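S.K.: Use these hints to put chain B onto chain A, whose structure you have.
Protein chains: 2
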Amino acid sequence: MAVQTVASTTDSVNLGPAAALSCRECGHRVPLGPVFACEECFGPLEIAYDFSGYDTEELRKRIEAGPANIWRYAPLLPVPADVADKPNLNPGWTKLVKADNLARELGVTGGLYVKDDSGNPTHSFKDRVVAQALEAARVFGFTTLSCSSTGNLAGAVGAAAARAGFRSCVFIPHDLEQGKVVMAAVYGGELIGIEGNYDDVNRFCSELIGDPAGEGWGFVNVNLRPYYAEGSKTLAYEIAEQLGWRLPDQIVVPIASGSQLTKIDKGLQELIRLGLVEDRPYKIFGAQAEGCSPVSTAFKAGHDVVRPQKPDTIAKSLAIGNPADGPYVLDIARRTGGAVEDVTDEQIVDAIKLLARTEGIFAETAGGVTVGVTRKLIESGVLDPTKTTVVLNTGDGLKTLDAVAGTGLTATIRPTLDSFREAGLA
Amino acid sequence: MAVQTVASTTDSVNLGPAAALSCRECGHRVPLGPVFACEECFGPLEIAYDFSGYDTEELRKRIEAGPANIWRYAPLLPVPADVADKPNLNPGWTKLVKADNLARELGVTGGLYVKDDSGNPTHSFKDRVVAQALEAARVFGFTTLSCSSTGNLAGAVGAAAARAGFRSCVFIPHDLEQGKVVMAAVYGGELIGIEGNYDDVNRFCSELIGDPAGEGWGFVNVNLRPYYAEGSKTLAYEIAEQLGWRLPDQIVVPIASGSQLTKIDKGLQELIRLGLVEDRPYKIFGAQAEGCSPVSTAFKAGHDVVRPQKPDTIAKSLAIGNPADGPYVLDIARRTGGAVEDVTDEQIVDAIKLLARTEGIFAETAGGVTVGVTRKLIESGVLDPTKTTVVLNTGDGLKTLDAVAGTGLTATIRPTLDSFREAGLA
Numbered sequence: 001m002a003v004q005t006v007a008s009t010t011d012s013v014n015l016g017p018a019a020a021l022s023c024r025e026c027g028h029r030v031p032l033g034p035v036f037a038c039e040e041c042f043g044p045l046e047i048a049y050d051f052s053g054y055d056t057e058e059l060r061k062r063i064e065a066g067p068a069n070i071w072r073y074a075p076l077l078p079v080p081a082d083v084a085d086k087p088n089l090n091p092g093w094t095k096l097v098k099a100d101n102l103a104r105e106l107g108v109t110g111g112l113y114v115k116d117d118s119g120n121p122t123h124s125f126k127d128r129v130v131a132q133a134l135e136a137a138r139v140f141g142f143t144t145l146s147c148s149s150t151g152n153l154a155g156a157v158g159a160a161a162a163r164a165g166f167r168s169c170v171f172i173p174h175d176l177e178q179g180k181v182v183m184a185a186v187y188g189g190e191l192i193g194i195e196g197n198y199d200d201v202n203r204f205c206s207e208l209i210g211d212p213a214g215e216g217w218g219f220v221n222v223n224l225r226p227y228y229a230e231g232s233k234t235l236a237y238e239i240a241e242q243l244g245w246r247l248p249d250q251i252v253v254p255i256a257s258g259s260q261l262t263k264i265d266k267g268l269q270e271l272i273r274l275g276l277v278e279d280r281p282y283k284i285f286g287a288q289a290e291g292c293s294p295v296s297t298a299f300k301a302g303h304d305v306v307r308p309q310k311p312d313t314i315a316k317s318l319a320i321g322n323p324a325d326g327p328y329v330l331d332i333a334r335r336t337g338g339a340v341e342d343v344t345d346e347q348i349v350d351a352i353k354l355l356a357r358t359e360g361i362f363a364e365t366a367g368g369v370t371v372g373v374t375r376k377l378i379e380s381g382v383l384d385p386t387k388t389t390v391v392l393n394t395g396d397g398l399k400t401l402d403a404v405a406g407t408g409l410t411a412t413i414r415p416t417l418d419s420f421r422e423a424g425l426a
Numbered sequence: 001m002a003v004q005t006v007a008s009t010t011d012s013v014n015l016g017p018a019a020a021l022s023c024r025e026c027g028h029r030v031p032l033g034p035v036f037a038c039e040e041c042f043g044p045l046e047i048a049y050d051f052s053g054y055d056t057e058e059l060r061k062r063i064e065a066g067p068a069n070i071w072r073y074a075p076l077l078p079v080p081a082d083v084a085d086k087p088n089l090n091p092g093w094t095k096l097v098k099a100d101n102l103a104r105e106l107g108v109t110g111g112l113y114v115k116d117d118s119g120n121p122t123h124s125f126k127d128r129v130v131a132q133a134l135e136a137a138r139v140f141g142f143t144t145l146s147c148s149s150t151g152n153l154a155g156a157v158g159a160a161a162a163r164a165g166f167r168s169c170v171f172i173p174h175d176l177e178q179g180k181v182v183m184a185a186v187y188g189g190e191l192i193g194i195e196g197n198y199d200d201v202n203r204f205c206s207e208l209i210g211d212p213a214g215e216g217w218g219f220v221n222v223n224l225r226p227y228y229a230e231g232s233k234t235l236a237y238e239i240a241e242q243l244g245w246r247l248p249d250q251i252v253v254p255i256a257s258g259s260q261l262t263k264i265d266k267g268l269q270e271l272i273r274l275g276l277v278e279d280r281p282y283k284i285f286g287a288q289a290e291g292c293s294p295v296s297t298a299f300k301a302g303h304d305v306v307r308p309q310k311p312d313t314i315a316k317s318l319a320i321g322n323p324a325d326g327p328y329v330l331d332i333a334r335r336t337g338g339a340v341e342d343v344t345d346e347q348i349v350d351a352i353k354l355l356a357r358t359e360g361i362f363a364e365t366a367g368g369v370t371v372g373v374t375r376k377l378i379e380s381g382v383l384d385p386t387k388t389t390v391v392l393n394t395g396d397g398l399k400t401l402d403a404v405a406g407t408g409l410t411a412t413i414r415p416t417l418d419s420f421r422e423a424g425l426a
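One line per chain: the protein sequences are A and B, in this order.
Residue 178 in our numbering is what sits at position 178 of the first sequence, and the numbering runs on without skipping anything.
Residue 392 in our numbering is what sits at position 392 of the second sequence, and the numbering runs on without skipping anything.
Next comes chain A alone, as it looks inside the complex (with noise of 0.2 Å):
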């Protein structure tokens, strides 16, 4: 009976190797649409993908000819197989950056790398699974791009949107900072402001969605999340090419709803399974702020499930209180003997400023999570300094400048030597 509807869809639905949508909790398969829930249990829907028939040295001479970008992967996507020649951003294929400097300063001997995402064209991960979600709406028939957002997923819609010819209409609440608004407006696309906070926002994007004005429109994170979560599976192949087809011994992940993380873990099973990688145990490490730590403290606490926060964090790309795969993350972290940690504010910070002082590379706010949680797991002796470890850098310090602003001039002087001289910088 599966199979059936598997075998009906594809021939309707052009999505590569998706077959079809399963519930991640209850395994309850449909075909592949724009639906997001189990109509069975309510679980969340994910994709299925049909792998058979791929021989592994034939694809992974595939992919390594294939764009610089994450169509590179196209044959692991849900995507169609053209989708490279479609009008999109193209993201991904970001640097992987040997951080010895950094390594020097954490004491990590065994290769230390910050998957630096800022190399994406609206400086953020987003970009990726938004690329994933504007190739769902396509097939649908959308013609609406949409999502409520606060900040880096408002920017890479309305980028994405501009350039394939979507209509886009993003929700923020009406009272954002300026900056923020900028950033998202300029891509000329509809931006709407909500009288409320950010939850009324949402509650008012769910209406939206179930209601006749909703209708032709992509929800990227909500109706399509399925096909926009997959994008993070990239990150995790990139790391393991970029590597040399070859498995991080410890990844450090920023938790936000917790759904990058497992699908890292989840791409990465995939590339064993293909045969692309050997075979070996890795690690999995998920990384909040303290003022939004709703997983580190159920991991902590032996706990299976979550316990909403209200979060209070400079780290607002992660600030999500009630992460919706945080039952998954806490799975994960335990099956590969991984862990979860959190910072302080003043820690995201000073790891901010020891990424860029040491390689050069100026984090979003995520990044010092990931970074100060690395440190942190070194010193308590949970992650293991004698082996490979990849630490994200998921967003742009440009755009949190607000969280080091408290750097600035190391002197002023007269310009004059004799003034250069009595400051002592010769």
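Don't read these hints as lab results, they were simulated from the structure.
Heads up, none of these hints are tricks.
Computed cross-link-like contacts, DSS-like style, restricted to lysine-lysine with a CA-CA straight-line distance of at most 25 Å:
#: 1; chain 1: A; residue 1: LYS61; chain 2: A; residue 2: LYS86
#: 2; chain 1: B; residue 1: LYS387; chain 2: A; residue 2: LYS86
#: 3; chain 1: A; residue 1: LYS61; chain 2: B; residue 2: LYS61
#: 4; chain 1: B; residue 1: LYS98; chain 2: A; residue 2: LYS86
#: 5; chain 1: B; residue 1: LYS387; chain 2: B; residue 2: LYS266
#: 6; chain 1: B; residue 1: LYS86; chain 2: A; residue 2: LYS387
#: 7; chain 1: A; residue 1: LYS98; chain 2: B; residue 2: LYS86
#: 8; chain 1: B; residue 1: LYS180; chain 2: A; residue 2: LYS180
In this text the structure is predicted, and so the values were computed from the model without any measurement.
M.R.: Below, chain B alone, put in the same frame as chain A:
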């Protein structure tokens, strides 16, 4: 005599194919070293190469097999052959975006491309030139990397020095806006505020270079300028390679000092000479802001010399009133059949928004200048819309948010479907 000097220098200074410094005015050659002005005529020194012994097809293969950054062109740059193994920011190989939406708006039918240098590590083309200066600094034994700057260059120097393990010291006017100070300070080097304006800062830096206090200091765009400037050649190489080893018919380049435009021409000429591209005509167009348009003013008046101006424009990164390479720019524009044009601040802002809403690229004001000039030159019939055209975007809109600060919400509504419908958004 000159040959002997070169030979002995090549033995001691390993900068790959760089053979000597040669005066652009009188041709006098001196050994490679941290000097920038001709001892005979005070003309600018630039790198002379020895490309003899290169086989075209071998070179092409070597480049194509190289890393996805400027070091794929190491055989054509003043850097050691093993440069890619040294710690630096590895800039370049940024996207050449086929801008079909923008082409439609501008009526270009021959293929329109945006070379988007906002994808560089610190989000401007300055990473390219600083990377060259850094390698020269290494070879000359400098330990401090320095510059005067009010913007992109400060960040590029700070970041590159951090990663490469150099001390950095950046000089800025003491009253620079806080946001720009933070962007420069975050990399942890010395950031010195000079009591005075930008001219005072530059005067002081010149004094410092001539003083024992400045020993061991490499000022990227002063005593390392001949090396630094060559970084812009990589823009020409990348554009040609990304077009499939083909010259574009028309290129639109922003003009600050004019150096970038002259080096793009130099790069294209080298590709022709080396047989990497077919030798056919191309036109180079220079783009300025009306509020700082000394070169376009001279071009339109038919002058060979450039009369200095006092800059007053939002395009701060192009605001050099007395551009050192202005006369060379005039030569190139005239020789290739190009032109130099300028646009108002209002046209710059319009062009930033046009590029963002058509291609999802958020450009710095300098990108608004090139896109605006492209539009103007098409309208006036100077630029041929049936020819392949490449427009440079050399920086990131996140760094000049103020320019589009007027951009904002398209509507404000209550969080209800009724309010949504009333606003005409359904």
